[in-house]
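The numbering of the sequence shown is the numbering used here, which starts it at 0 and goes up by one.
The set of hints was computed from the structure by calculation and includes no laboratory data. Keep in mind the model is a prediction, meaning the values are calculated, not measured. Check each hint, because a few of them may be wrong.
In silico DSS-like links for lysine-lysine, alpha-carbon gap of 30 Å or less [stated by the list, open to error]:
hint: 1; residue 1: 144; residue 2: 100
hint: 2; residue 1: 96; residue 2: 144
hint: 3; residue 1: 99; residue 2: 142
hint: 4; residue 1: 144; residue 2: 127
hint: 5; residue 1: 142; residue 2: 100
hint: 6; residue 1: 99; residue 2: 144
hint: 7; residue 1: 142; residue 2: 127
hint: 8; residue 1: 100; residue 2: 127
hint: 9; residue 1: 99; residue 2: 127
hint: 10; residue 1: 96; residue 2: 142
hint: 11; residue 1: 96; residue 2: 127
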Amino acid sequence: MPWPPTSRHELVTALDAGGSGSSSCSGQHLGHGSTGEIEPWHKNCIAYTSPWSPCSTSCGLGVSTRVSNVNARCWPEQESRLCNLRPCDVDLRPHIKEGKKCLAVYQPEAPVNFTLAGCTSTRAYRPKYCGVCTDSRCCIPYKSKTISISFQCPDGPDFSRQALWINACFCNLSCQNPNDIFADLDSYPDFSEIAN
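Could you put the whole structure together from the sequences, leaning on the hints where they help?
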């Protein structure tokens with residue numbers, strides 16, 4: 000079957016058969032209603048959601064974004080979620096076990112309420128944070144999910160926000176500034192030629 004499909008029938012057939020034309024199309028799907036019929040907005044829509052971007056800050060509250068067309072118009076829209084890789088006001092190094100160089104995950108003993116713009120989360124959480132190393136390694140999320148956190152405001156409407164929930168972290172030597180667009184260049188053999 001040719002790719003890209005030239006008709007709606009070919010598109011549905013290709014996707015039902017698990018076909019894809021490029022790596023960016025793998026795992027995409029069409030939505031189906033409870034009757035097995037294709038939902039109207041999905042008829043000519045290949046659903047796509049990008050991976051979440053790295054958190055905008057290395058400690059404290061930041062933002063992570065992604066692009067998805069899984070919406071009523073099948074139009075690419077930016078989605079955002081809150082993220083907090085590690086607290087800025089806690090020195091994590093004393094928590095590293097003796098003889099070790101890294102603390103992969105840090106979890107406070109007491110539950111805490113999150114605050115955002117003067118509003119407080121409606122329940123307390125016991126989040127996990129990525130830790131630190133005493134050598135040149137850095138710790139980043141390895142397993143995570145997105146949760147919804149509800150906030151109550153003293154003099155305004157309540158609201159909820161999507162947030163990164165860290166389940167596990169790992170520590171490695173690939174420590175890059177998430178905003179450095181040239182960070183991957185050092186993996187190329189001729190990097191020394193362009194570094195000067």
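Hint by hint, here is what the structure shows:
Between residue 144 and residue 100 the alpha-carbon distance is near 27 Å, which keeps this suggested pair within the 30 Å criterion. Restraint check for residue 96 and residue 144: the C-alpha separation of about 27 Å stays at or below 30 Å, so the hint holds. Taking the CA atoms of residue 99 and residue 142, the gap is near 22 Å; set against the 30 Å cutoff, the hint holds. At roughly 12 Å between alpha-carbon atoms, residue 144 and residue 127 fall within 30 Å of each other, so this suggested pair holds.
Only pairs whose Cα atoms come within 30 Å are accepted, and residue 142 paired with residue 100 is accepted, the gap being roughly 21 Å. With a C-alpha separation of about 28 Å, the suggested pair residue 99 and residue 144 falls inside the 30 Å cut-off, and the hint holds. Pair hint residue 142 plus residue 127 holds up; C-alpha atoms about 11 Å apart against a cutoff of 30 Å. Taking the CA atoms of residue 100 and residue 127, the gap is about 19 Å. The hint holds against a cut of 30 Å.
Our distance criterion of 30 Å between C-alpha atoms is met by residue 99 and residue 127, whose separation comes to about 19 Å. Straight-line distance between C-alpha atoms of residue 96 and residue 142 comes to about 22 Å, which keeps the hinted pair within the 30 Å bound. With a CA separation close to 17 Å, the supplied pair residue 96 and residue 127 stays within the 30 Å bound.
Going through the hint list in order, the structure satisfies each hint without exception.
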